[in-house]
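Everything in the sequence shown is counted per this note's numbering, starting at 853 for the first residue and increasing by one.
Hints may contain errors.
Using 25 Å as the maximum straight-line C-alpha spacing, the simulated BS3-like pairs for lysine-lysine come out as follows [claimed, not checked]:
(1) K908 to K895
(2) K881 to K893
(3) K881 to K920
(4) K920 to K895
(5) K881 to K891
(6) K888 to K872
(7) K881 to K895
(8) K920 to K888
(9) K908 to K891
(10) K902 to K891
(11) K893 to K962
(12) K920 to K875
(13) K867 to K891
(14) K920 to K880
(15) K880 to K893
(16) K902 to K880
(17) K875 to K888
(18) K893 to K872
In short, the hints are calculated from the structure, not lab data.
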Amino acid sequence: MEEIRNVRAETANLKEFSEKEIKSIFDKKIEETIDKAIKEKTKSLLEQNKDESLRKNEQDIDISWALKSILARIERGMTVEIRFLPPAQEESAEEGQTTEPQEEPQEFVKLREIVPNLVFPSPDPNPVLQLPNPKKEDESKGKK
């Protein structure tokens, strides 16, 4: 998506293309790419949940809406910070004291290694994604 956005910015400097033409070509492609990625991620998340009692169609709509909402906000400069708490210390039943600290989980070690390498692009002054309506799409389609 960033590559498409860069080509869009370069094309905007050319006098041969109007803003309307640029939007119709590049914004449409960016939206299609994002929609495809959201569908793939939503499908992946739903496949991980093996509980058959859940209504997957409703979850599909909710997860897709949430992902699009997050991406629209990230495009506007929002960053997401995820924090993990270390595992709880177990108390010894006899003495009421905590046991020796456990070894740090491997996931925490990996995350600590990844964090310095994260690069956040600067927000685009002309975002492509619209912020989704707080009323989810399925609710707004049902009311006419």
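Do the hints match the structure? See the list:
1. Simply put, K908 and K895 have alpha-carbon atoms about 10 Å apart, close enough for the 25 Å limit, and the pair holds.
2. For the proposed pair K881 and K893, the alpha carbon gap of about 18 Å is at most 25 Å, so the pair holds.
3. A distance of roughly 16 Å separates the Cα atoms of K881 and K920; the hinted pair therefore holds under the 25 Å criterion.
4. A distance of roughly 14 Å separates the Cα atoms of K920 and K895; the hinted pair therefore holds under the 25 Å criterion.
5. As the CA atoms of K881 and K891 are separated by approximately 15 Å, the hinted pair is consistent with the 25 Å bound.
6. In summary, the hint linking K888 to K872 is supported, as the alpha carbons are separated by about 24 Å, within the 25 Å threshold.
7. Of the supplied pair hints, the one linking K881 and K895 holds, its CA atoms being roughly 21 Å apart against a limit of 25 Å.
8. Between the alpha carbons of K920 and K888 the distance comes to roughly 11 Å, so the proposed pair stays at or under 25 Å and holds.
9. Proposed proximity of K908 and K891 is supported: the alpha carbons are some 13 Å apart, at most 25 Å.
10. For the given pair, K902 sits about 18 Å from K891 by alpha-carbon distance, which is consistent with the 25 Å threshold.
11. Of the supplied pair hints, the one linking K893 and K962 holds, its CA atoms being roughly 22 Å apart against a limit of 25 Å.
12. For the proposed pair K920 and K875, the alpha carbon gap of about 19 Å is at most 25 Å, so the pair holds.
13. At roughly 36 Å between alpha-carbon atoms, K867 and K891 are farther apart than 25 Å, so this suggested pair is violated.
14. Simply put, K920 and K880 have alpha-carbon atoms about 15 Å apart, close enough for the 25 Å limit, and the pair holds.
15. Taking the CA atoms of K880 and K893, the gap is near 20 Å; set against the 25 Å cutoff, the hint holds.
16. As the CA atoms of K902 and K880 are separated by approximately 35 Å, the hinted pair breaks the 25 Å bound.
17. Note on K875 and K888: the hinted pairing holds, with a Cα-Cα distance of about 19 Å set against a maximum of 25 Å.
18. Of the pairs offered as hints, the one joining K893 and K872 is violated, with about 31 Å between alpha carbons and a cut-off of 25 Å exceeded.
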